[in-house]
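Could you put together the complete structure from these sequences and hints?
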Amino acid sequence: MHATLTELEREAYRKSPVHRMDGRIKIIMTLLLIVYAVALPRMEVLDFPRLLLLEAYLAVLMLLARLEFSYLTFRFAIALPFGFSIAFLQPFIKQPFISDFTVLYRLPFGLEVTGEGLLFGTLIFAKFLVCITAVILLSSTTSLSELVSSARRLGMPRELALLFTMMVRYLFVFWIMLGRIRTAQKTRGFDLWNKKVPRRWTLQQVGYTISSLFIRSYEQGERTYQSMLCRGYNADAQVYVGKKKMGVSDILVLALALGVIIAAQFGLKFL
Amino acid sequence: MYIIETRALTHVYRGKIKALDSINFTAKPGERIALIGANGAGKSTLFKHFNGILKPTSGDILIKGEPISKKSILDVRKTVGVVFQDPDDQIFAPTVKQDVAFGPMNLGLSEEVIEKRVREALETVRLTGFEERAPHHLSTGEKKKVAIAGILAMQPEVLVLDEPTAGLDPGGAVRLIRLINQMNRYLGITTIVATHEVDIVPLLADRVCIMSSGRIIGDGTPQEIFSTDELIKKTHLRLPIVAQLMEMLQDEGIPLNVKFTLEEARDELLRVVK
Amino acid sequence: MYIIETRALTHVYRGKIKALDSINFTAKPGERIALIGANGAGKSTLFKHFNGILKPTSGDILIKGEPISKKSILDVRKTVGVVFQDPDDQIFAPTVKQDVAFGPMNLGLSEEVIEKRVREALETVRLTGFEERAPHHLSTGEKKKVAIAGILAMQPEVLVLDEPTAGLDPGGAVRLIRLINQMNRYLGITTIVATHEVDIVPLLADRVCIMSSGRIIGDGTPQEIFSTDELIKKTHLRLPIVAQLMEMLQDEGIPLNVKFTLEEARDELLRVVK
Amino acid sequence: MHIPDAYIPLGQAAVYWIIAAIFIARSIKWARSDLDENMIPLFGVLAAGMFVLMTINIPIPMSPVSWHMVGAALTAIIFASPWAAVLLMTLVLAVQSLYGDGGITVMGANIINMGIIGGFSGYYSYIALSRLSLTRSKAMFAGAWISMILPAIALSFEMWFAGTFPLKQGVFLMSLFQGAAGIGEGIITVIVFGAISKARPDIVAEDAHKKVSTAKVAAFSIIALAGLALAAPFLASSNPDGLQHTASTVIGNGINSAVSPITPLFPNYAIPGMGMSGKMAAIVIGFAVVLVIWLGISKIIKKG
Ligand SMILES: Nc1ncnc2c1ncn2[C@@H]1O[C@H](COP(=O)(O)OP(=O)(O)OP(=O)(O)O)[C@@H](O)[C@H]1O
Ligand SMILES: Nc1ncnc2c1ncn2[C@@H]1O[C@H](COP(=O)(O)OP(=O)(O)OP(=O)(O)O)[C@@H](O)[C@H]1O
Ligand SMILES: [Mg+2]
Ligand SMILES: [Mg+2]
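Chains as they are written, first to last, in the working numbering: chain A, 74 to 344; chain B, 38 to 311; chain C, 38 to 311; chain D, 313 to 616.
Read the hints as simulated data drawn from the structure, not as lab findings.
It cannot be assumed that every hint is accurate.
Below, a list of computed lysine to any residue pairs in the SDA-like style, where the Cα atoms sit at most 20 Å apart [to be verified]:
{"id": "1", "chain 1": "A", "residue 1": "Lys167", "chain 2": "A", "residue 2": "Pro181"}
{"id": "2", "chain 1": "D", "residue 1": "Lys522", "chain 2": "D", "residue 2": "Leu542"}
{"id": "3", "chain 1": "A", "residue 1": "Lys317", "chain 2": "B", "residue 2": "Gly166"}
{"id": "4", "chain 1": "D", "residue 1": "Lys510", "chain 2": "B", "residue 2": "Tyr50"}
{"id": "5", "chain 1": "C", "residue 1": "Lys101", "chain 2": "C", "residue 2": "Pro66"}
{"id": "6", "chain 1": "A", "residue 1": "Lys88", "chain 2": "B", "residue 2": "Gly166"}
{"id": "7", "chain 1": "A", "residue 1": "Lys167", "chain 2": "D", "residue 2": "Ser509"}
{"id": "8", "chain 1": "A", "residue 1": "Lys268", "chain 2": "C", "residue 2": "Gly145"}
{"id": "9", "chain 1": "B", "residue 1": "Lys107", "chain 2": "A", "residue 2": "Gln299"}
{"id": "10", "chain 1": "A", "residue 1": "Lys259", "chain 2": "C", "residue 2": "Ser109"}
{"id": "11", "chain 1": "B", "residue 1": "Lys270", "chain 2": "C", "residue 2": "Arg252"}
{"id": "12", "chain 1": "A", "residue 1": "Lys259", "chain 2": "D", "residue 2": "Ile370"}
{"id": "13", "chain 1": "C", "residue 1": "Lys134", "chain 2": "C", "residue 2": "Lys92"}
{"id": "14", "chain 1": "C", "residue 1": "Lys108", "chain 2": "A", "residue 2": "Asp264"}
{"id": "15", "chain 1": "B", "residue 1": "Lys55", "chain 2": "D", "residue 2": "Arg512"}
{"id": "16", "chain 1": "A", "residue 1": "Lys316", "chain 2": "B", "residue 2": "Leu307"}
{"id": "17", "chain 1": "B", "residue 1": "Lys107", "chain 2": "D", "residue 2": "Ser345"}
{"id": "18", "chain 1": "C", "residue 1": "Lys53", "chain 2": "A", "residue 2": "Arg83"}
{"id": "19", "chain 1": "A", "residue 1": "Lys269", "chain 2": "C", "residue 2": "Leu111"}
{"id": "20", "chain 1": "C", "residue 1": "Lys270", "chain 2": "C", "residue 2": "Gly257"}
{"id": "21", "chain 1": "C", "residue 1": "Lys108", "chain 2": "A", "residue 2": "Trp266"}
{"id": "22", "chain 1": "C", "residue 1": "Lys180", "chain 2": "B", "residue 2": "Gly77"}
{"id": "23", "chain 1": "B", "residue 1": "Lys153", "chain 2": "B", "residue 2": "Gln192"}
{"id": "24", "chain 1": "C", "residue 1": "Lys180", "chain 2": "D", "residue 2": "Arg512"}
{"id": "25", "chain 1": "D", "residue 1": "Lys341", "chain 2": "A", "residue 2": "Ala234"}
{"id": "26", "chain 1": "B", "residue 1": "Lys107", "chain 2": "A", "residue 2": "Asp309"}
{"id": "27", "chain 1": "C", "residue 1": "Lys311", "chain 2": "B", "residue 2": "Gln287"}
{"id": "28", "chain 1": "A", "residue 1": "Lys318", "chain 2": "A", "residue 2": "Ile98"}
{"id": "29", "chain 1": "B", "residue 1": "Lys270", "chain 2": "C", "residue 2": "Met220"}
{"id": "30", "chain 1": "C", "residue 1": "Lys180", "chain 2": "A", "residue 2": "Arg289"}
{"id": "31", "chain 1": "A", "residue 1": "Lys268", "chain 2": "C", "residue 2": "Glu149"}
{"id": "32", "chain 1": "C", "residue 1": "Lys270", "chain 2": "C", "residue 2": "Glu301"}
{"id": "33", "chain 1": "B", "residue 1": "Lys92", "chain 2": "B", "residue 2": "Thr47"}
{"id": "34", "chain 1": "B", "residue 1": "Lys115", "chain 2": "B", "residue 2": "Tyr50"}
{"id": "35", "chain 1": "C", "residue 1": "Lys92", "chain 2": "A", "residue 2": "Thr256"}
{"id": "36", "chain 1": "A", "residue 1": "Lys269", "chain 2": "C", "residue 2": "Lys153"}
{"id": "37", "chain 1": "C", "residue 1": "Lys115", "chain 2": "A", "residue 2": "Asn267"}
{"id": "38", "chain 1": "C", "residue 1": "Lys311", "chain 2": "B", "residue 2": "Leu307"}
Structural data, given as structure tokens:
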């Protein structure tokens, strides 16, 4: 997944109405949608149209954001497998909170596919899909730094905000550094699967790579800390985030998201 | 009165490595000073004492006549701004603006004053328009300028730069030197620059200190310093190339005075030829 | 036959940034080549193609006449050794010896051969006795040498160095240049060096290529390259200081030929003066 | 090892979040005061490094999965404090969740597993085992391994509470995966620690390891053992889901009703198993058995 840390950032710097939206709005909207999706009852067929509505709303935003299709497939491809495999097993599991099961198929080894399990599995996957979509939308239309400053504006504690600010900054420094280390190793013929060298030695080199990255990040931390002291860093230091006014369109988008949720919760019942 | 003064300043790392050995250094307001010395001479260590990042193992540092104390430390850091060699050490915020605003934030200034200082600092280094850029999308030269802007925004009286031209191409280096000189001339900032690139020294300093193994072994105008050959030889440094050429000609019996900048050398050679 | 040859080599980063634009570059065995160019000209990118670290967006690279393929890649990396600018990227093992042995290990050599190669490589860079030292506690210059030894231990036929003198003091830089020249002369290694420090170029190359915005816009002897003024001006570079001085004198009407190294310049000036 | 969003009901996820938040707050306090100075910036930078070093993936041959370092035990051991692990893992997990590794509502649970349980168990089992005169690297290997296996068990229980995975199979599968990954974690932790203490002995707070009071180690061991002992009866029971099932019928069957849109906190069970007096005895017996086995093991290790 990480092969593209810098790529992800690049998507976040595109220009589109969604990219321009206030970071706070995007964070609140993402949280709202995720919490709502997770909170939906676990065995209700009506959830499907609800989740579909949320997903459709997110899809529209993705279209507006003009994200590249190949990039999106890639993001989904790396995020889905683990959740999918758990969901996939659900039809074979007798969920403890369900009392009666209708067996749809009997398979060898006493495996049974149950209707309830199938419903639960697909529902949980659908919820998971909505959550992932929301997160992907957020992270590919908002740069990490914008996310942190928005979170700070939303009241994230000062010290946490400082921690995240610095983390975000140096992620890229170390990412590039790791790239350079790997390049240098390749230059000298290093290959994880080289059969000419003992496994043990290869493993040791991986260990050294990790330790050298650790030490270098520690030392970078020391130096950065010193240079921050030069600029008056002290226990009450804050990161500058500046004030930012929310536009009418931002409020509207948020209202729209709320509207979608309300429509999903109450509106769909009457259909 | 001196703006920076050290008295018998000694620093020992980890109880073993004597990086500074009884340094007596002074800087007057408005001076342009260059500190030259080989790798490991102790330049960076000395700089870290100027604003209280390191504490002396023995000896004293006075800033505007006052010793550095816990109470005065914020004032000291406001007075003496240090720009480190690697801009990645210094730029820690994810956008240029946030980074430049960090110092003024720590001084507890109001929102408007901070905005103003950031704008002015970015103007000075000619980076207006870069406010929202991420540092990892900047070139080496631009990063250097951001680091300098971050210090300028604190409006220091002394600007200390550790190897400012390292890693820059000649064009970038020349522009940076010009910027440093302008800050000295128009903003009245005292500038102290550490470097091993002796060729640039005559361009950005009126006074040169040579360091070697933790001691200051020479202090004077570029003229004086580069005329004492043994000093330079002893310290893994060399004369500026121009001066080397002039000396070689002198050795061949040509009657000329050794000069250090291109223009002076040209005039001197013209004098001899004609 | 060429030991390295690129044909219309183009590299585009992320589908957007054209870092190399149709490069035709050749190196013959035993040559001493310098590649100069401003920040971002594409020098490092070109080097990464020489041993297959990057793959061309279009165009070809031939090493000893053979294109780089999955099968030949290990051989290519044995033939072309690249030393990167920051030795910390290259040195990651906890002792100097382990680090230098890293390359030979990957070639699957026997214990004795590895021992021998490490010993020889350390001898070449004059670091015998440093085997058990932790790279962490070495000086910048020593680290550079360890990085070079790590490549030498693979016994490459071409040694490619990316800004080898960056961060070194003049003494260290001179020693390193001498080392590079010795490897070329006595071990017959082809050396290709990227740098922006034009003053050292005449000292370590018989042939100079100028890069600008991803293209090679000049190729010839230092003499030829530094005589074409517009080329240099266009590329944020400058002439070696010696040459600048000679040109200034020429402009004043003194009849002399522009030279690039101190010795040549001295002789030329002596000729004029006498 | 990252639980994704939606696999834990909201109520439970909130409880995990609250627990995690308390620990996070405490870890920030630690970073502010327990080191020489206010070293918050250092940890911000280090977290970035940890995130990046976790991207070094080693594919495991003949399987679709790959191994990468988690580093909770390593950080705790280097800084001689599990709080360092809690802080760093929190930062790393938060950023990972943005890239689709783990989720938002479940982040609390993930922090508990990998940061808190991983950090504390890794650190204190390393200390405890080195007190039992195991060599440094053996103790560290074991500590790192435990820091992988205990979170795996915790995760299985969380998924079981959530009703999304059967307990026994979950514990079996997760222990299998994490047990294998733990071997890699253990080996790499030992190598990395060795290399760091060689290059920068001053970073590694090895003296502090000796200063950890035995009482603290003992207290932690008892908490861990108690946790395991509480867990044991469920694993030993032939039908743990049956327990849950009975519990859910006892409490009332509110889940399937369409009336309540929000899943109630602990919807299908009280604290599982608590409803049954008969099981209390089983728990006590199980506790005793595990304690005896554990002590036996440590005796053997001590001799060896
Ligand atoms: N944190 C440290 N711990 C131990 N020794 C150190 C530390 N920093 C520097 N030193 C040592 O102190 C001496 C002076 O180092 P310093 O960095 O001040 O030199 P410098 O003149 O800035 O060199 P350079 O030109 O290479 O930057 C060197 O011998 C160096 O190895
Ligand atoms: N990994 C990368 N991704 C995207 N763009 C890159 C990458 N590496 C280099 N570039 C860009 O490619 C161009 C050439 O870069 P390169 O590093 O080859 O230049 P260089 O001549 O080595 O410069 P310097 O003298 O500063 O080292 C630059 O515009 C640079 O920004
Ligand atoms: Mg220095
Ligand atoms: Mg380069």
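Taking the hints in turn, this is what the structure says about them:
1. For the given pair, Lys167/A sits about 16 Å from Pro181/A by alpha-carbon distance, which is consistent with the 20 Å threshold.
2. As the CA atoms of Lys522/D and Leu542/D are separated by approximately 31 Å, the hinted pair breaks the 20 Å bound.
3. Annotation: proposed proximity of Lys317/A to Gly166/B holds, straight-line Cα distance about 18 Å (limit 20 Å).
4. Distance restraint check for Lys510/D and Tyr50/B: the Cα-Cα separation of roughly 18 Å lies within the 20 Å cut-off, and the hinted pair is therefore satisfied.
5. Between Lys101/C and Pro66/C the CA atoms are separated by roughly 9 Å; this keeps the pair inside 20 Å, and the hint holds.
6. Restraint check: the Cα-Cα separation between Lys88/A and Gly166/B comes to about 17 Å, which is no more than 20 Å; the hinted pair holds.
7. Taken as a hint, the Lys167/A and Ser509/D pair is broken in the structure, with Cα atoms around 51 Å apart against an allowance of 20 Å.
8. Restraint check for Lys268/A and Gly145/C: satisfied, since their Cα atoms lie roughly 8 Å apart, inside the 20 Å limit.
9. Taken as a hint, the Lys107/B and Gln299/A pair is honoured in the structure, with Cα atoms around 16 Å apart against an allowance of 20 Å.
10. At most 20 Å may separate the alpha-carbon atoms for a hinted pair to count; Lys259/A and Ser109/C meet this at roughly 14 Å.
11. About 40 Å separates the Cα atoms of Lys270/B and Arg252/C, which puts this hinted pair outside 20 Å; it is violated.
12. Between the alpha carbons of Lys259/A and Ile370/D the distance comes to roughly 16 Å, so the proposed pair stays at or under 20 Å and holds.
13. Pair hint Lys134/C plus Lys92/C does not hold up; C-alpha atoms about 31 Å apart against a cutoff of 20 Å.
14. A C-alpha spacing of about 13 Å is found between Lys108/C and Asp264/A, which places the hinted pair at or below 20 Å, so the restraint holds.
15. Distance restraint check for Lys55/B and Arg512/D: the Cα-Cα separation of roughly 19 Å lies within the 20 Å cut-off, and the hinted pair is therefore satisfied.
16. For a cut-off of 20 Å, the pair hint linking Lys316/A to Leu307/B is broken: about 62 Å separates their Cα positions.
17. Restraint check for Lys107/B and Ser345/D: the C-alpha separation of about 18 Å stays at or below 20 Å, so the hint holds.
18. Taking the CA atoms of Lys53/C and Arg83/A, the gap is about 11 Å. The hint holds against a cut of 20 Å.
19. This hinted pair checks out: Lys269/A and Leu111/C have alpha carbons roughly 12 Å apart, not beyond 20 Å.
20. For the hint pairing Lys270/C with Gly257/C, the CA-to-CA distance comes to about 17 Å; that is within 20 Å, so the pair holds.
21. Among the hinted pairs, Lys108/C with Trp266/A is consistent with the structure: their alpha-carbon atoms are about 14 Å apart, no more than 20 Å.
22. For a cut-off of 20 Å, the pair hint linking Lys180/C to Gly77/B stands: about 13 Å separates their Cα positions.
23. Taken as a hint, the Lys153/B and Gln192/B pair is honoured in the structure, with Cα atoms around 12 Å apart against an allowance of 20 Å.
24. For the hint linking Lys180/C to Arg512/D, the alpha-carbon distance of about 17 Å falls within 20 Å, and the restraint holds.
25. About 14 Å separates the Cα atoms of Lys341/D and Ala234/A, which keeps this hinted pair within 20 Å; it holds.
26. With a C-alpha separation of about 15 Å, the suggested pair Lys107/B and Asp309/A falls inside the 20 Å cut-off, and the hint holds.
27. As the CA atoms of Lys311/C and Gln287/B are separated by approximately 13 Å, the hinted pair is consistent with the 20 Å bound.
28. Proximity of Lys318/A to Ile98/A is assessed by CA-CA distance (about 11 Å); at most 20 Å being required, the pair is judged to hold.
29. Proposed proximity of Lys270/B and Met220/C is contradicted: the alpha carbons are some 26 Å apart, above 20 Å.
30. Restraint check: the Cα-Cα separation between Lys180/C and Arg289/A comes to about 15 Å, which is no more than 20 Å; the hinted pair holds.
31. With a CA separation close to 19 Å, the supplied pair Lys268/A and Glu149/C stays within the 20 Å bound.
32. Proximity of Lys270/C to Glu301/C is assessed by CA-CA distance (about 23 Å); at most 20 Å being required, the pair is judged violated.
33. With a C-alpha separation of about 9 Å, the suggested pair Lys92/B and Thr47/B falls inside the 20 Å cut-off, and the hint holds.
34. With a C-alpha separation of about 26 Å, the suggested pair Lys115/B and Tyr50/B falls outside the 20 Å cut-off, and the hint is violated.
35. For the suggested pair Lys92/C and Thr256/A, the alpha carbons sit about 13 Å apart, so the restraint of at most 20 Å is met.
36. Between Lys269/A and Lys153/C the CA atoms are separated by roughly 19 Å; this keeps the pair inside 20 Å, and the hint holds.
37. About 15 Å separates the Cα atoms of Lys115/C and Asn267/A, which keeps this hinted pair within 20 Å; it holds.
38. The straight-line distance between the Cα atoms of Lys311/C and Leu307/B is roughly 13 Å, inside the 20 Å bound, and the hint therefore holds.
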